[in-house]
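Chain A is already provided as a structure; the job is to place chain B on it using the hints.
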Amino acid sequence: MRQRKKSRSGKLIALSALGIALLLAALYFSGAKIGSLKNPGGEKFGTFSAAGFLDNPKTHAGNHYRIEGTLDNILDSSTAGGGVVRLVSLSVEGGRFVPLLVPEGSSAFALQRGQSVVALCEVSIEGLPVARSIEKK
Amino acid sequence: MKLTKIPPAALLLACLASAMAQETNAPAAPAASANAEAPAPAPPRGGTDKKDEEMSAVNPSTGAVTFNGFSWNIGDLPALDMRYERFLMENQSLMKDEKEYYHQLQSLIVLLTGNPFGKFGPQAPSRASFEKAFLALQEIENKPDWRKFDGGVAGQIATQVEALSVKLRESRDTKGQAAKFEARRRNLEASLKFLETDTSAPGAVRRQRLLEEKARLQTERAAYEAESLPSLMMAKAQFQVYIFTLLAQRRFQHVVVAAKLYQALIADGDLGMSQKNNPVSREMNLDADLPLTTISVAQAASMAHEDVRRGVEAYENQIAASMLDAADRTLHAAFMLGEYMPEVRALPAQARMQILAVRQARKQLNSALNARDYAQAKTKVEELAKLAPDFDATANKTQIAVETMKSDAFLLKGKNALFDGDQAAAENAFREAAKIWPTNPAFEKKDEMSGQLDEQMKLKKELDNLLARADYRLIADRAEKFAAAVHDDPDRQKKLRSAMDGLKQIERALAKYEELSRAGSHYAAWEALEEAAGKHPKDEPLALAYQEATVKASDYIGGVRAAQKADQEGEDVAALAAYLAALSKNPTSESVKASVKRLSRKLMDTQTPAP
Numbered sequence: 000m001r002q003r004k005k006s007r008s009g010k011l012i013a014l015s016a017l018g019i020a021l022l023l024a025a026l027y028f029s030g031a032k033i034g035s036l037k038n039p040g041g042e043k044f045g046t047f048s049a050a051g052f053l054d055n056p057k058t059h060a061g062n063h064y065r066i067e068g069t070l071d072n073i074l075d076s077s078t079a080g081g082g083v084v085r086l087v088s089l090s091v092e093g094g095r096f097v098p099l100l101v102p103e104g105s106s107a108f109a110l111q112r113g114q115s116v117v118a119l120c121e122v123s124i125e126g127l128p129v130a131r132s133i134e135k136k
Numbered sequence: 000m001k002l003t004k005i006p007p008a009a010l011l012l013a014c015l016a017s018a019m020a021q022e023t024n025a026p027a028a029p030a031a032s033a034n035a036e037a038p039a040p041a042p043p044r045g046g047t048d049k050k051d052e053e054m055s056a057v058n059p060s061t062g063a064v065t066f067n068g069f070s071w072n073i074g075d076l077p078a079l080d081m082r083y084e085r086f087l088m089e090n091q092s093l094m095k096d097e098k099e100y101y102h103q104l105q106s107l108i109v110l111l112t113g114n115p116f117g118k119f120g121p122q123a124p125s126r127a128s129f130e131k132a133f134l135a136l137q138e139i140e141n142k143p144d145w146r147k148f149d150g151g152v153a154g155q156i157a158t159q160v161e162a163l164s165v166k167l168r169e170s171r172d173t174k175g176q177a178a179k180f181e182a183r184r185r186n187l188e189a190s191l192k193f194l195e196t197d198t199s200a201p202g203a204v205r206r207q208r209l210l211e212e213k214a215r216l217q218t219e220r221a222a223y224e225a226e227s228l229p230s231l232m233m234a235k236a237q238f239q240v241y242i243f244t245l246l247a248q249r250r251f252q253h254v255v256v257a258a259k260l261y262q263a264l265i266a267d268g269d270l271g272m273s274q275k276n277n278p279v280s281r282e283m284n285l286d287a288d289l290p291l292t293t294i295s296v297a298q299a300a301s302m303a304h305e306d307v308r309r310g311v312e313a314y315e316n317q318i319a320a321s322m323l324d325a326a327d328r329t330l331h332a333a334f335m336l337g338e339y340m341p342e343v344r345a346l347p348a349q350a351r352m353q354i355l356a357v358r359q360a361r362k363q364l365n366s367a368l369n370a371r372d373y374a375q376a377k378t379k380v381e382e383l384a385k386l387a388p389d390f391d392a393t394a395n396k397t398q399i400a401v402e403t404m405k406s407d408a409f410l411l412k413g414k415n416a417l418f419d420g421d422q423a424a425a426e427n428a429f430r431e432a433a434k435i436w437p438t439n440p441a442f443e444k445k446d447e448m449s450g451q452l453d454e455q456m457k458l459k460k461e462l463d464n465l466l467a468r469a470d471y472r473l474i475a476d477r478a479e480k481f482a483a484a485v486h487d488d489p490d491r492q493k494k495l496r497s498a499m500d501g502l503k504q505i506e507r508a509l510a511k512y513e514e515l516s517r518a519g520s521h522y523a524a525w526e527a528l529e530e531a532a533g534k535h536p537k538d539e540p541l542a543l544a545y546q547e548a549t550v551k552a553s554d555y556i557g558g559v560r561a562a563q564k565a566d567q568e569g570e571d572v573a574a575l576a577a578y579l580a581a582l583s584k585n586p587t588s589e590s591v592k593a594s595v596k597r598l599s600r601k602l603m604d605t606q607t608p609a610p
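First to last, the sequence lines map onto chains A and B. FYI, in numbering that gives the first Met the number 0 the residues of the first sequence are 0 to 136. FYI, in numbering that gives the first Met the number 0 the residues of the second sequence are 0 to 610.
One or more hints might be untrue.
Unchecked claim - Cross-link-like lysine-lysine pairs, in silico, DSS-like; alpha carbons within 30 Å at most:
no., chain 1, residue 1, chain 2, residue 2
1, B, K584, A, K136
2, B, K494, B, K537
3, A, K57, B, K584
4, B, K601, A, K135
5, A, K57, B, K596
6, A, K135, B, K584
7, B, K592, A, K57
8, B, K592, A, K136
To be verified - Under 7 Å between C-beta atoms, here's a sample of chain B residues computed to sit facing chain A:
no., residue
9, V572
10, A573
11, L575
12, A576
13, L579
14, A580
15, S599
16, R600
17, L602
18, M603
As the list claims (entries may be wrong) - Just the calculated beta-carbon pair ranges, DEER-fashion:
no., chain 1, residue 1, chain 2, residue 2, range
19, B, D554, A, T58, 22 to 30 Å
20, B, K596, A, G81, 21 to 29 Å
21, B, K601, A, L11, 22 to 30 Å
22, A, E67, B, A510, 51 to 59 Å
23, A, T69, B, R477, 55 to 63 Å
No lab work stands behind these hints: they were computed from the structure. Remember, predicted model here, so these are calculated numbers, not experimental data. Every residue, glycine too, gets a C-beta built ideally from N, C-alpha and C.
Bound-form chain A, shown alone (with noise of 0.2 Å):
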């Protein structure tokens, strides 16, 4: 009796975990949109740990986040190079706020305090998350 209830909960999370690696798979080779996000890369953004992140974060170079927050304030911007670069502050988990830095095109809509953003983010080698793609909530 208690072989046969093991064997059939097995089963199950076998069969699931194939489901979840199907449904990425897919994902991965259409190129689609994580969400409503766009991903050009297809790059995999992991998911952010403010309090993590924050204790060192030019160990973080390279790595891909998806961040969600607040727009706490926009700290600086440039038009060196061409384009709007702009340098926010993000009001995140745990009281945190977190620099991001927002190139030109990398937002379609007007960045203004107090909205809620997901973004897509590589960390530079400063330790600076860098949208990819920034978008309301």
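Chain B only, in chain A's frame:
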């Protein structure tokens, strides 16, 4: 007997007067005074240099007058000076009795000399004059109102005259006895001559008896003469001594009277004075070879009196011309010689009082100069110039100017040394200044300045200590004194300004802290103290407030400290994130805002997209 020229005694007295005048003219300078007090060198006695012999000098410390090879102690000059000043102070001149006394004395002189000036000639007075004079002397002696003016001198002269007269009478008796002895001697000689040819035995016996009688006669004669003759000589000598004594006492009128009476008694011309046995001549150290007669002594007295008369006349002329300084010197000289002369005694009291004022001012000037009190000396010179327009103050003024300038120069040198902090040099200079002018009034300023400098040095040291302890509050309490103390010290001035600015900053921070604390803005309140507390950690009120604020804003402080730490370590992103978190708690923090701005710009500039 040989009458020789007189000059010695007369000139002696004349020179005595001039020598005294020189003494009163002594310069007032200390050095000069010191020289004047030094004993005069003894002149050579019996020297061959005539010039040296005629020079006279007065030793002011002993009152000894030296002249022409001998010296004469005239008494204590300071005592004579005191008598002179007492005379100047007497508020009236001749009293009625004194006038009558001097009139009587003058009558005697006219009677004995035949002239009012007492000029002494070789002619002895007549018997009648002698007798009248003798009676006049006795009259003076018998009148107590007159007697007090000469202290019994007239009576003494009468006594001397009487004593000598008695001895002269005895001498005449002695001469008669001597003639008897001589007659007996001649008789004996004749008898002896007669018996020379008689060779018989009785003749020989008689001759032997006569020889024995002759020997006895000689013995008797010698014994008689030995007893009688010296008493006359003694009486003459005593009279001579008394005349000399009167001369020494400067009672010149009495000298003339006594000498004339002596001359009348010793009519045989034996007027020579015995010098070797004369105690007065011994007192005067008279040279035994110096011929001296009663005539020469009387003439000396007469000339001295004449000198006094001339001195008084000159004095009166000087008074009339308001030459009070010269008048004092002239009168002093006349008084020294003619203290008992009527011409001096009769001088008006008012002018004498003026002279006394000049004399006292001159004495005070000399005292001030001797004591090196040049401020007082200057005052006295001015006073003297007013009292006696003829007073020549050139030498005094020059001395005062030179000495005060020297003292002031040393004082200035000392002050400069004091300012330079050279205490030893300053003390030396002040010592030199004090030696020259001990009562220099600038010393009070120097003491004041020295005190100020001491106070200044103390304040500077105190300021240094307070600055080292950063005790700005105590510095502020005495800011004015410190500012005055460091007026010449740019470095300390800068430090003092910095301390005062620091205190202002602290006070501003504390005020802001109080205000924000009351509003409940504890993070901002802490931040208001943050900068001041970092700069001035030793300020107690600030430290206490900062401690309190730190407790209230501990979570905010933790965020800021974390941001600062990351910032320092070059973790710009972490630092920016931490500053942003802190700013969210305290949005008014200018320092956090500045850090956010700075780091934002830095990240914008340096961001490099990942490859």
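Index of numbered hints that the structure contradicts, given in increasing order = 21 and 22
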